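Chemist: So you can see what is in the structure, the chains are spelled out below.
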Amino acid sequence: MLVAGVDVGSTQTKAVIITGEHEILGRGLCSTGAKLADAGETAFNLALEQTEFAEPDVAFVVGTGYGRFNIDFGDAQVTEISCHARGAVHLFPGTRSVLDIGGQDTKAIKVTADGQVVDFNMNDKCAAGTGRFLGAASDALEIPLGELGPLALAAKNPVKMTTTCTVFAESEILGWMAKGRRIEDVVMGVHNSIASRSVSLLRRVGIEPEITFTGGVTRNTAMVELISELVGSRVNTNEESHYCGAIGAALYALDQVLTGAGTERGLPT
Amino acid sequence: METQKVAIRPALSQAGNTRTASRALMDNWWKQLGEADAAAQPVANTFVMGSLAEVLNTFDIPMSFPEIAALQTAVKGKAMDYLLAAEDLGYSPDICGYVKVDIGLHATGRDHPLGKYPKPGMVVASNMCNTYIKWAEVWERQYGCPVFVLDLPGWRGTGFEYDSSSETFRNDVKYVEGQIRDLISLSAEVSGKKFDIDKLREILGNVNRMSELYQSILAMNKNKPAPFNALTEGINYMGIANILRGLPEGVEFMETVLAELEERVAHGVGALTDERYRLLLVGTACYTNFRDFVGMFERWDGVFVASEYMSYAGGGIDRGLHYDLSRPIESLAEQILITSQPSMSGIFFSHEWQAKMAEEYDVDGICYHGVKSCRTTAAGLPDAREWLLNNAGVPGLFIQSDLVDSRLWAEAQMRNRIDAFFESLQSRRVQSGV
Numbered sequence: 241m242l243v244a245g246v247d248v249g250s251t252q253t254k255a256v257i258i259t260g261e262h263e264i265l266g267r268g269l270c271s272t273g274a275k276l277a278d279a280g281e282t283a284f285n286l287a288l289e290q291t292e293f294a295e296p297d298v299a300f301v302v303g304t305g306y307g308r309f310n311i312d313f314g315d316a317q318v319t320e321i322s323c324h325a326r327g328a329v330h331l332f333p334g335t336r337s338v339l340d341i342g343g344q345d346t347k348a349i350k351v352t353a354d355g356q357v358v359d360f361n362m363n364d365k366c367a368a369g370t371g372r373f374l375g376a377a378s379d380a381l382e383i384p385l386g387e388l389g390p391l392a393l394a395a396k397n398p399v400k401m402t403t404t405c406t407v408f409a410e411s412e413i414l415g416w417m418a419k420g421r422r423i424e425d426v427v428m429g430v431h432n433s434i435a436s437r438s439v440s441l442l443r444r445v446g447i448e449p450e451i452t453f454t455g456g457v458t459r460n461t462a463m464v465e466l467i468s469e470l471v472g473s474r475v476n477t478n479e480e481s482h483y484c485g486a487i488g489a490a491l492y493a494l495d496q497v498l499t500g501a502g503t504e505r506g507l508p509t
Numbered sequence: 002m003e004t005q006k007v008a009i010r011p012a013l014s015q016a017g018n019t020r021t022a023s024r025a026l027m028d029n030w031w032k033q034l035g036e037a038d039a040a041a042q043p044v045a046n047t048f049v050m051g052s053l054a055e056v057l058n059t060f061d062i063p064m065s066f067p068e069i070a071a072l073q074t075a076v077k078g079k080a081m082d083y084l085l086a087a088e089d090l091g092y093s094p095d096i097c098g099y100v101k102v103d104i105g106l107h108a109t110g111r112d113h114p115l116g117k118y119p120k121p122g123m124v125v126a127s128n129m130c131n132t133y134i135k136w137a138e139v140w141e142r143q144y145g146c147p148v149f150v151l152d153l154p155g156w157r158g159t160g161f162e163y164d165s166s167s168e169t170f171r172n173d174v175k176y177v178e179g180q181i182r183d184l185i186s187l188s189a190e191v192s193g194k195k196f197d198i199d200k201l202r203e204i205l206g207n208v209n210r211m212s213e214l215y216q217s218i219l220a221m222n223k224n225k226p227a228p229f230n231a232l233t234e235g236i237n238y239m240g241i242a243n244i245l246r247g248l249p250e251g252v253e254f255m256e257t258v259l260a261e262l263e264e265r266v267a268h269g270v271g272a273l274t275d276e277r278y279r280l281l282l283v284g285t286a287c288y289t290n291f292r293d294f295v296g297m298f299e300r301w302d303g304v305f306v307a308s309e310y311m312s313y314a315g316g317g318i319d320r321g322l323h324y325d326l327s328r329p330i331e332s333l334a335e336q337i338l339i340t341s342q343p344s345m346s347g348i349f350f351s352h353e354w355q356a357k358m359a360e361e362y363d364v365d366g367i368c369y370h371g372v373k374s375c376r377t378t379a380a381g382l383p384d385a386r387e388w389l390l391n392n393a394g395v396p397g398l399f400i401q402s403d404l405v406d407s408r409l410w411a412e413a414q415m416r417n418r419i420d421a422f423f424e425s426l427q428s429r430r431v432q433s434g435v
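Going line by line, the protein sequences match chains L and Z.
Using my numbering, the first residue of the first sequence is number 241, and each one after it goes up by one.
Using my numbering, the first residue of the second sequence is number 2, and each one after it goes up by one.
Some clues are possibly wrong.
To be verified - One side only, chain L facing chain Z, incomplete, derived with CB under 7 Å:
1. 306
2. 319
3. 321
4. 322
5. 356
6. 357
7. 359
Source of the hints: derived by calculation from the structure; they are not laboratory data.
All of these numbers come straight from a predicted model, not from anything done at the bench.
C-beta atoms are modelled at their ideal positions from N, C-alpha and C, and glycine is treated no differently.
Given these sequences and hints, build the entire structure.
Modeler: What follows is the structure in structure tokens.
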């Protein structure tokens, strides 16, 4: 028996197919773009292609992320806050605090041992301190996102970014470059800005170890280092962290199939 | 996959009476304001906190409440027109949305969606909100009208409540009483009428009765299911409580509300067909997206059983305000001092009130709605939320938008936070085995 979780985020869409024994059989990843339903379907199909199964074999699909209501093949919806919490505890059972840096928002979540949300805090409506801030740096400096982390780790004297506005960040980055600052110092300044705002959110819900870092920004090595440094302990991440929301959604899907739990709205019960 | 709920409710004899009365009274209020404006009769601009309606009504001075008028433009979908008109004049996007709606109304011919928005003939403000004073100064400069600002000293001790047995309190009463006497003189001058202390007594007596009824109305929501939504229906009770404070029609309205609610309770009829979550609202709603806002909670069968707004915007009538009619002016001063304290000290002590309300009304969670253009009411909300969670075990949701500015409303983010909050409430309920 298979279930799926599809996380339609503001920047990327992720999907996983898992078995009743929690084994991940397939993963799908694509850019979200403007057509949310298409992105969900594409990621789902990509995940399915990695398995030996077909769509009818997937018993239940839970959608999450901002585009969760656009997944027309989904059976229920759960917010990404609940899904990241559930996914993080599944990946790292000792998790009590979760930090998810997404494309447009950052979530700090306090969780129970079984992955239920005790409390959460999110960034304000603007994208300061989110993955989009890195996107702005990538655009302004014309450096691929994936290269920002390693570049930042080479910094010797990071600049101090003063703006919290993602839009204005581009002009500040160019301003630092115009002053002759080294590119790695500017990039590290951007990382510091995001990390400090994210950890501040985490402090508001109360940092309790273990801390698990989730979302696409976990692939950024500099950010993992910085967050670990700021919270005072090594944060949990692994290769599945990027898919954490989708994994959590799939686990809720599994609950539905195994126990019939939840309601018509896909509540995480 | 959502199932449609069909409400099967018993036929109630009082059903709809409150709504009918509320609409008629509000329409009549606007009609009277329009007539006063047309006849060049002085109208007093005053505020929901510290209106001093008791004095103004003694002189039959029509009262305009710019906060209520601004709220109504938002519900009618017109607030942005006035906000932009004010911003065209140079008022910053950061300024209180209510102020800018008012500025925009005055700048565009004073045509409010519900009637003619009158010119102020006088202003009664207080220091209960720091914006009131500067707002009043705008009218003073624009229309040359007299401005009375009630200066409430505020309790200098620690704690939420005034120590009414202290010498400090007695001195403060004298200070406020002197100011009320100044307002009486000003009102006599503006209205051309003599002060009638017996009429003041009569009005104070009506406020006493309104307060008793209002307390009974609020207490109705201790029942399960809660018979009214403290946000959607509560805002109407609050509006009438302000515009008809101390008048017989105000007393009659409160009696109508209570009768309708008592009947609902007697028949087990709730504000929602299926009440699953009982909530306390701290802050206000976003009136521009009022239905959407409420719908995000009702979708989860969440009902606001109590609202801080029904307290701090009510001039103390929720707190058992009782005037001593044998010494009306002194008693008015005392009650203003005592009942204004929760608003004056709200930033530091509102969590105590919230904990008390959460227990009394058996709420599942608290929604804190921060108003972007009002730092006075929004300050401290995240701290209160954390305190309630950590010390009283009551979970809270913190969201932000605005009273009237739809540019500060982001539906996807709002819904995401609200859905996540309800998901966590659901988890709590399952874990606790309820």
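Chemist: Hints first: check each against the structure and report whether it holds.
Modeler: To see whether the hints hold, each was checked on the structure:
1. 306: For residue 306 (chain L), the interface hint holds, since the closest Cβ of chain Z sits about 5 Å away, which is under 7 Å.
2. 319: It holds, given that the least Cβ distance between residue 319 (chain L) and chain Z is near 4 Å, below 7 Å.
3. 321: holds (4 Å)
4. 322: Holds, because the Cβ-Cβ distance from residue 322 (chain L) to chain Z comes to roughly 5 Å (cut-off 7 Å).
5. 356: It holds, given that the least Cβ distance between residue 356 (chain L) and chain Z is near 4 Å, below 7 Å.
6. 357: Because about 4 Å separates residue 357 (chain L) from the closest Cβ in chain Z, which is inside the 7 Å limit, the hint holds.
7. 359: With Cβ-Cβ at 6 Å, under 7 Å, it holds.
Comparing the model with each earlier hint shows no violations; every hint is respected.
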